[in-house]
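Student: We have chain V already, so just place chains X and A with the ligand on it with the hints.
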Amino acid sequence: MRHLLSIADLSKTEAISILDTAVELARISDGTVKKLPTLRGRTIVNLFAEDSTRTRISFEAAAKRLSADVINFSAKGSSLSKGESLKDTALTLQAMGADAVVIRHGASGAPQRLADSEWMQGSVINAGDGTHEHPSQALLDAFTIRKHLGKGAPDLHGIKVAIVGDVLHSRVARSNVLLLNLLGAKVTLVAPPTLLPVGVDSWPVNISYNFDEVVASVDVVMMLRVQQERMTDLFFPNAREYSRYFGLNADRLSTMSPTSIVMHPGPMNRGLEISADVADSARSVIVEQVANGVSVRMAILYVLLAGQPLEVGGK
Amino acid sequence: MSSALSAPEIARALIRISHEILEANPDSSKITLLGIPTRGAHLAHRIGVHMREFAGHEIAVGTLDITMHRDDLRMRPPRPIMPTSIPHQGVEGREVILIDDVLFSGRTIRSALDALGEIGRPRRVQLAVLVDRGHRELPIRADFVGKNIPTSITQSVKLHLTEIDSVDEVMLEDQR
Amino acid sequence: MSQRYLLKNAQLPNGALTDVLIVDGVIDSVAVNIATNDAEVFDVTDSVVLPGLVDLHTHLRQPGREDAETVDSGSRAGAKGGFTALSAMANTSPVADNAGVVEQVFRLGQEAGLLDVFPIGAVTRGLAGQELSEIGAMADSIARVRVFSDDGNCVFDPLVMRRALEYVKKFDGVISQHAQEPRLTIGSQMNEGNVSSILGLKGWPAIAEEAIIARDVLLVDHVQSRLHIAHVTTAGGVEIIRWAKARGINVTAEVTPHHLLLTDELARSYDPVFKVNPPLRSEKDVMALREALADGTIDIVATDHAPHTMESKECEWSEASFGMIGLETALSVVQKAMIDTGIMSWEQVADRLSTAPARIAGYEYQGKNLAVGSRANLTVINPKKTWIVDRDLVTSKSRNTPFHGYELPGVITHTFFNGVPTLLNGVINQANGKK
Ligand SMILES: [Zn+2]
Chain V
1 MRHLLSIADL SKTEAISILD TAVELARISD GTVKKLPTLR GRTIVNLFAE
51 DSTRTRISFE AAAKRLSADV INFSAKGSSL SKGESLKDTA LTLQAMGADA
101 VVIRHGASGA PQRLADSEWM QGSVINAGDG THEHPSQALL DAFTIRKHLG
151 KGAPDLHGIK VAIVGDVLHS RVARSNVLLL NLLGAKVTLV APPTLLPVGV
201 DSWPVNISYN FDEVVASVDV VMMLRVQQER MTDLFFPNAR EYSRYFGLNA
251 DRLSTMSPTS IVMHPGPMNR GLEISADVAD SARSVIVEQV ANGVSVRMAI
301 LYVLLAGQPL EVGGK
Chain X
1 MSSALSAPEI ARALIRISHE ILEANPDSSK ITLLGIPTRG AHLAHRIGVH
51 MREFAGHEIA VGTLDITMHR DDLRMRPPRP IMPTSIPHQG VEGREVILID
101 DVLFSGRTIR SALDALGEIG RPRRVQLAVL VDRGHRELPI RADFVGKNIP
151 TSITQSVKLH LTEIDSVDEV MLEDQR
Chain A
1 MSQRYLLKNA QLPNGALTDV LIVDGVIDSV AVNIATNDAE VFDVTDSVVL
51 PGLVDLHTHL RQPGREDAET VDSGSRAGAK GGFTALSAMA NTSPVADNAG
101 VVEQVFRLGQ EAGLLDVFPI GAVTRGLAGQ ELSEIGAMAD SIARVRVFSD
151 DGNCVFDPLV MRRALEYVKK FDGVISQHAQ EPRLTIGSQM NEGNVSSILG
201 LKGWPAIAEE AIIARDVLLV DHVQSRLHIA HVTTAGGVEI IRWAKARGIN
251 VTAEVTPHHL LLTDELARSY DPVFKVNPPL RSEKDVMALR EALADGTIDI
301 VATDHAPHTM ESKECEWSEA SFGMIGLETA LSVVQKAMID TGIMSWEQVA
351 DRLSTAPARI AGYEYQGKNL AVGSRANLTV INPKKTWIVD RDLVTSKSRN
401 TPFHGYELPG VITHTFFNGV PTLLNGVINQ ANGKK
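Listed in order, the protein sequences are those of chains V, X and A. For the first sequence, UniProt numbering assigns the number 315 to the last residue and increments by one with no breaks. For the second sequence, UniProt numbering assigns the number 176 to the last residue and increments by one with no breaks. For the third sequence, UniProt numbering assigns the number 435 to the last residue and increments by one with no breaks.
Just chain V, same shape as in the assembly (with noise of 0.2 Å):
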């Protein structure tokens, strides 16, 4: 494995052998190490063309615990929002020596088309590309919910999770349908129809347009977050509404079962698509998705980046 482009392109056993990796990591910061040598010497370019001030800490945060050196290109003033183009930027990283590019891009593919060119030989690691994919974030989303329900299996089978909201533009939803589908649990959206892309009905899961019908039922709700903007793009007629038919509130958790959790990508539109009560509730795990970013981040890291010859980093 040299890229972490797709959740598309990991075996179950390559998945599971990264929650396992971060499992371990975890539990070594948990006590007193704070950093481990493994990449010292390794450079990895935080490449942010957009803003995500936490995507990006995370990952900083995960390779300087292994004590990789760490550049950051952040939205602001970096090359790529002045119009220089991907490939410039990439030629820069190339000669600066970037063992990893994490990319935060706008456009769908921008990372892939990083990694399938000549621009560049380090690895790439696609941390959010327009609508299209967010491993990362999958991938610590299936961590949490396998510490959380997993019961001690190494997979997710047979776990029922609802992902709930703006399906058509979420990275995030995009990689939790295919890595729950991977590690064997059963995946439901639940969204407006203006809100699931045409050709959903091709992806390995159920579709429900009514909530309450879903709720009671599953193990784990997963909201996404939904922009204010969506309305005057006519997807649904006002926050008031979406809220009513799509919003996790006291009253559907409710009904939830009592081993059930909550989930959230953040950053939170609390009172649109998750009420502020829900989202401080026992059952929310939105706090600690946040934790377990590092120790899954790193466990990317180690997995790409330990076992890479020194050629292929250009030094």
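Hints listed in this document are in silico derivations from the structure and should not be mistaken for laboratory results.
To give an idea of the chain V side of the interface with chain A (calculated C-beta under 8 Å), a few residues:
(1) LEU86
(2) GLY130
(3) ARG174
(4) VAL198
(5) VAL200
Derived pair list, reagent style DSSO-like, types lysine-lysine, alpha-carbon separation capped at 27 Å:
(6) A/LYS245 / A/LYS284
(7) V/LYS87 / A/LYS397
(8) V/LYS87 / A/LYS202
Non-contacting residues of chain V with respect to chain X, defined by C-beta distances greater than 10 Å in every case (computed):
(9) THR92
(10) GLN94
(11) GLY97
(12) PHE211
(13) MET231
(14) VAL287
Model, not experiment: these values are computed from the prediction. For each residue, glycine too, the CB sits at the ideal point set by N, CA and C.
Tutor: Same frame as chain V, but now just chains X and A with the ligand:
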């Protein structure tokens, strides 16, 4: 391929090492055994059982994975990380005995010392191995050795344990 | 001394084996064993001689984007691909919406001298879809424009479309419509379907094309004019055209070579070389297009040759320009999709790539199907040979071919334009150009 150590020989060696550790460390309540996964962890467990018998009380036994500290990571595909479990007494001020199956270049032990250093500061660190096959590349020696087996650099020494391989034996194999 | 060329052992589109004698730009005779001792002789055993190919949809980029293509470089690419006439699309900069620009393009074509370059005029001023361009002046110019199109943009306003269709009746012109409902395709990147749902690229629904085709066949029927649908890509579009033709509606349609061979699966690479407007569709659409071309529902193949510089393709998918070059691969792709699959004959290829487009556009000296006494516009292809497409070896100024690395059947060895070889043994022959 030939057998260098039989099951009864392995059993005797582990009993002897257990006695020697206790002799060298009179206050056995201060001892923490840390096996290096995979096979060193099983050996630590076995030695711990013997020592509990001889000392008459529980001996602290744990595991210490060194994967993240290896200096040869780039030479092979990434390997899975094994569990590290430090007994509740921790390592601070303890008599830590590292336990591994075969002592060869010494690099594994160097990595183990690095990994241990991240966790805490033992009073002393000693090393027990089932086999010392020579060819050291670092100034490291074992305090407790099951058997010294002189080898050529091209040979490989492989320990089989019933916990994993359904048989106890040490095999010596010629490689090309 | 007259100029005489003799093609020996040629296979006509109908399969007959014969010789073809060209004298002073005209097909002098088509007969077995023509004996002549003062002609330059080409033995074309195993090859098919077709009437010179006529493209009704070519982006030559001049004026304005000479870094991507010029009339001259596009003419060379055309000759290389067996074409003797190209139709230069109006979306240049400045736009070909007045007599000045179309005359400039026409003259550049004559200077290049490798084939006929017939400018297409814009339907609306600046391609903006609001006011009619100077249609009459372009028709009366030396370029004698008969085909009008806002290609790249759809003539979306039904009233503007109605008026344009009516206006061109004055001189038997035709409106070539780029059928794309703009509101349904805001920001669209690729065919809307299973693949787009997975790739997270904004979908381009088939209905956006079909809705305009349906509206326009009804409009043209109402005003009794001539409508041509550019680059049909969907099975549904084919059905509407089939229905319209059955009702006697005066509509013609084209399909591009790439839509006969490629599908939206290629977008999985995110390589913008596969990004094109209209987008690559599904396997089912490709099959429907092939069937429609064979049964005549779709009248012609047109390349939609759309050169782009490296910079506009070496980037993220959503940033990249739409379009593919196609002049040099068109006939080979048609052979692969239509001949080698047994769906169509060479006679039909001669019709779809020469006779029919020349008739639709009213190109007087083109598409004469090797008739004795007609101007010698013809192309020679050896269908038994194959070649490997290499984007670094194309004749076009741009290298955005989606077929890079493909092994394609059919090697074009000779092209004759007005009796003069413009391609000789696979090499451009510009020595006889008019410049
Ligand atoms: Zn067009």
